[in-house]
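S.K.: One-letter residues, chain by chain:
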Amino acid sequence: MKEAKVIEMDEVAIRFSGDSGDGMQLTGTLFSDASALLGNDISTFPDYPAEIRAPQGTVGGVSGFQVQFGQKEVNTPGDYAHVLVAMNPAAVKANAKFMKPGGTIIYDKDAFNEKNFRKANFTTDDPFTELNLIDYVKIGVPITELTQESLKDLGLDNKSILRSKNMFALGLVCWMFNRPLDYIEEFITSKFSSKPTVVQANMRVLHAGYNYGMNLQHMTPRYMINPAPIEPGLYRNINGNQATAWGLLAASEKSGRPLFIGSYPITPATEILQTLAERKDLGVKSFQAEDEIAGITTALGASFAGHLAVTSTSGPGFALKSEAIGLGVMAELPLVVVNVQRGGPSTGLPTKTEQSDLLQALYGRNGESPVAVIAASTPSDCFWYAFTAARIAMERMVPVVLLTDGFLGNGSEPWKIPSMADLPDIHPRIAKNPGNYKPYERDGNTLSRSWAFPGSEGFAHRIGGLEKNITGNVSHDPDNHQKNCEIREAKVQRIVDMIPDLDVYGDPEGDVLLVGWGGTFGHMISTVRELRRKGKNVSLAHFNYIKPLPANTGEVFRRFKKILVCEINLGQFVAYLRDKLPGFTYYQYNKVKGLPFTVQELEDAVTKLLEA
Amino acid sequence: MNEFNYTVKDFKSENEVRWCPGCGDYAIMNAIQRVMAEMGIAHKDFAVISGIGCSSRFPYYMSTYGFHTIHGRATAVASGVRCANPDLNVWVITGDGDSMAIGGNHFIHLVRRNINLNVIIFNNKIYGLTKGQYSPTTEKGFKSKTSPFGTIEEPFNSGQLVIGAGGTFFARSIDGNIKLSQEVFGEAALHEGTSIVEVLQNCMIYNHGVHDLITDPAYRAERQLMLKQGEPMRFGEDNRKGIVLEKGKLKVVTVGENGITPEDILVHDASDPDPSIHLALIRMHLPEFPVALGVIRKVAAPTYDREMKEQILRIQENRKIKNMDDLLRSGNTWEVKDNGFSNGREK
Chain A
1 MKEAKVIEMD EVAIRFSGDS GDGMQLTGTL FSDASALLGN DISTFPDYPA EIRAPQGTVG
61 GVSGFQVQFG QKEVNTPGDY AHVLVAMNPA AVKANAKFMK PGGTIIYDKD AFNEKNFRKA
121 NFTTDDPFTE LNLIDYVKIG VPITELTQES LKDLGLDNKS ILRSKNMFAL GLVCWMFNRP
181 LDYIEEFITS KFSSKPTVVQ ANMRVLHAGY NYGMNLQHMT PRYMINPAPI EPGLYRNING
241 NQATAWGLLA ASEKSGRPLF IGSYPITPAT EILQTLAERK DLGVKSFQAE DEIAGITTAL
301 GASFAGHLAV TSTSGPGFAL KSEAIGLGVM AELPLVVVNV QRGGPSTGLP TKTEQSDLLQ
361 ALYGRNGESP VAVIAASTPS DCFWYAFTAA RIAMERMVPV VLLTDGFLGN GSEPWKIPSM
421 ADLPDIHPRI AKNPGNYKPY ERDGNTLSRS WAFPGSEGFA HRIGGLEKNI TGNVSHDPDN
481 HQKNCEIREA KVQRIVDMIP DLDVYGDPEG DVLLVGWGGT FGHMISTVRE LRRKGKNVSL
541 AHFNYIKPLP ANTGEVFRRF KKILVCEINL GQFVAYLRDK LPGFTYYQYN KVKGLPFTVQ
601 ELEDAVTKLL EA
Chain B
1001 MNEFNYTVKD FKSENEVRWC PGCGDYAIMN AIQRVMAEMG IAHKDFAVIS GIGCSSRFPY
1061 YMSTYGFHTI HGRATAVASG VRCANPDLNV WVITGDGDSM AIGGNHFIHL VRRNINLNVI
1121 IFNNKIYGLT KGQYSPTTEK GFKSKTSPFG TIEEPFNSGQ LVIGAGGTFF ARSIDGNIKL
1181 SQEVFGEAAL HEGTSIVEVL QNCMIYNHGV HDLITDPAYR AERQLMLKQG EPMRFGEDNR
1241 KGIVLEKGKL KVVTVGENGI TPEDILVHDA SDPDPSIHLA LIRMHLPEFP VALGVIRKVA
1301 APTYDREMKE QILRIQENRK IKNMDDLLRS GNTWEVKDNG FSNGREK
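Chain order of the listed sequences is A and B. Sequential numbering from 1 applies to the first sequence in the working numbering. Sequential numbering from 1001 applies to the second sequence in the working numbering.
Calculated directly from the structure, the hints in this document are not laboratory data. Do not rely on the hints blindly, as some may be mistaken.
Covered stretches of chain B (in silico footprint by chain A; criterion: 3 or more residues with CB under 8 Å from a CB of chain A, positions within the stretch not fixed) [stated by the list, open to error]: (1) 1082-1088; (2) 1120-1126; (3) 1214-1228.
Calculated pairs, DSS-like style, for lysine-lysine (alpha carbon to alpha carbon, straight line, at most 25 Å) [unchecked claim]: (4) B:Lys1320 with A:Lys438; (5) A:Lys416 with B:Lys1012; (6) A:Lys191 with B:Lys1145; (7) B:Lys1309 with B:Lys1320; (8) A:Lys280 with B:Lys1251; (9) A:Lys280 with B:Lys1337.
None of these values were measured; they are calculated from a predicted model. Where is the CB? At the ideal position from N, CA and C, for every residue including glycine.
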């Protein structure tokens, strides 16, 4: 037997793609988990259509899942895939543009037929030539036929048989990348424990795919990706939505305040509600409300009653919550509003990522309505920023908006599991002196009021949405209103004493400072590393704290000749910076395609600026 | 009297009440404060939540915990309060516009969930605080500032919404009848579940006399049917009239005429799970029928807030994950050893 060609690589990106019903998300997730368990660093990017089952075989119905894994630190799912798994011609058409030149395409030969060529709007019977994919390694595998063959004696109907096709592809890719099957086997066994035939079918097809790769070694190159040097400790794989939910749970435990989430399902934020709904064991009260407004207003009610109150949503739902966020500002109640941003405006691109709700978070309410705004920057650090959002809310009696996005929410990476003992304590500002309680009496340093809940003796009080005086009574006094508007703003600004200084990756001074915020961190840091490797004098300042800004922001900016602000929108953070820190010239790089940045395009933008 | 010996005064705040002179709201507040004083519940455990509108200024006039929220959302905010702390006695003060126009969605979903709240709807069939526009309970054809030629829409009947949403408690009172209000508020407060009480309330300025046909003392006996659990539905001078069920429909009869005996008169059963007679009573209107007052429907059913609490307790009995450290370490994890490289998976 001929030995397979073995290619050793630092990192590889694979994109699994097929019809939305082909199980590509599961295939990708299982492969990623298996890779993480093997010790690779990984970064994932599910890229799926808004329709649950778009017409079969069409380009619009293609669901993709990209994972990059490597033997060094992996910060992005990869600009381009080295390997594409395509279950039909439409998948090739939809994903050709995400392929690295010369990459490998593994496709289901049986699905490459006349009917599917037409459905994917190919005009010829040679999709590869038509897409000009000449220099690629194309490996046609009769996946459908071999799946049917391996299951023929199980007595399953054809539909059930075809549903196992993805396991064949997974088995084959596992062989190519030298992944053991044990984790996947365990998953199948426990997932379908009540359906032994399904377990048997999936196992058989998985092994059939793996063995197919082994037996036809001459066809498929084999890749070696060694484990990455990673800080020692206990790890797990986590996506941004789960990390967000867990961060909130951690804040609940640290603060001693029970967690209440009032929320309404919305893509791509729903998983936060789902994850918390599972945690009745930790006492979570999850309330699936009748709409977005009830989501946040039930949460405000729970906050009034002394709970850590949370509502989770995405852009359109965030818009619906605006008035109630204003009530939270006026009533000065702790509240965490998570916005997992997606493409907008209106319904926009529900399953695609964007950073275009920043100005909505900062300003999208009536009146002078300041809230704290913070943003997570990787799937796993959603945990820390959700925890911090809750901490700020409860210690400073203010609504906090946590911005994540579809890319972070759905994307996953290995995460070194923290110990609860390592997290900072949270001290909710609970009122202490019964009998003389004034709801709007403020702490001199933080300007925050104290929190008293119904059921506590000696603290009965009234609050509400009307402007008020220190006792909570309504006040229409002009001077009082001006004073309170200024205090509410100053209260948010004083949160600056809770947040760390802005870090600079790279030299503290130089030619170009790349500035980013939120979910673009992986691409930004990879760009800076790449450019510095090439000898460019480039650094990165990445923001997690937007309002207030870190105290040293101006100082950091002053040390660079040029500042390039990169965002997945048309320039929202840069507009905010121009307002808050005038006196600098801000260059900007913006993209709004519903897609993350690529490292390549960022590199090009910086290079252009350096040459200008 | 109870262990607390509260009086009405204990529930009044120091704030000057600013409803218009003669407004029906005063009497309603008075009745609520009397009920609170007599319930045997600690003052600290009351919370009064309101939305927007004249009636919604209510919490500021109470000495209890209070939250004056935003238009239409009091029911949702109160749901959060009660779910967070099911030991509280939570009241929602709302109007016809607040509850059934801008807050209509929250209203029906509250009723559907049966969260233990006492909702008092001040129904004056007009928008008072914005100075006289028609509301979702305004009679069709009514001329107001926004319907100068008369409205062209049918009104809501709050009781019908309650029945439609599967409600467990509905009562109706009149602002001026403090005794009746006290009775039904008391029952509402004791009912385990969402209690909706519609109070026919007079707006002195923008809809004065809207309920006069019903409330006019000269015709009270003829036009009001006071429902009492287990008692026949009798009304009129000397209780001569009554309600019977004929061919599936309610009908007004006179006892002693056409062979009608007292035994023919329907006996009120608010606890009947079948809502059909309750609905028929709710729909009765002048001039064909008297208007039904008192507790029309009161049936036992599980409440959302208790079930939420009990589900958590049940799951916690056998929980594997007892704290965050357990959760963080649950499921698939792996250990990276201190050699710069992972040693692969370990359990």
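S.K.: Give a verdict on every hint.
M.R.: Checked hints:
1. For the stretch 1082-1088 of chain B, the stated coverage by chain A is satisfied: 6 residues place a CB nearer than 8 Å to a CB of that chain, which reaches the threshold of 3.
2. Counting residues of the stretch 1120-1126 of chain B whose CB falls under 8 Å from any CB of chain A gives 0; the rule of at least 3 is not met.
3. Only residues whose beta carbon comes within less than 8 Å of a beta carbon in chain A count, and the stretch 1214-1228 of chain B has 0; fewer than three means the coverage is violated.
4. A threshold of 25 Å between alpha carbons decides the hint, and for Lys1320 (chain B) with Lys438 (chain A) the separation of about 43 Å lies outside it, so the pair is violated.
5. Our distance criterion of 25 Å between C-alpha atoms is broken by Lys416 (chain A) and Lys1012 (chain B), whose separation comes to about 56 Å.
6. About 63 Å separates the Cα atoms of Lys191 (chain A) and Lys1145 (chain B), which puts this hinted pair outside 25 Å; it is violated.
7. Pair hint Lys1309 (chain B) plus Lys1320 (chain B) holds up; C-alpha atoms about 19 Å apart against a cutoff of 25 Å.
8. At roughly 52 Å between alpha-carbon atoms, Lys280 (chain A) and Lys1251 (chain B) are farther apart than 25 Å, so this suggested pair is violated.
9. Taken as a hint, the Lys280 (chain A) and Lys1337 (chain B) pair is broken in the structure, with Cα atoms around 34 Å apart against an allowance of 25 Å.
Going down the numbered hints, you'll see the structure goes against 2, 3, 4, 5, 6, 8, 9, while the others check out.
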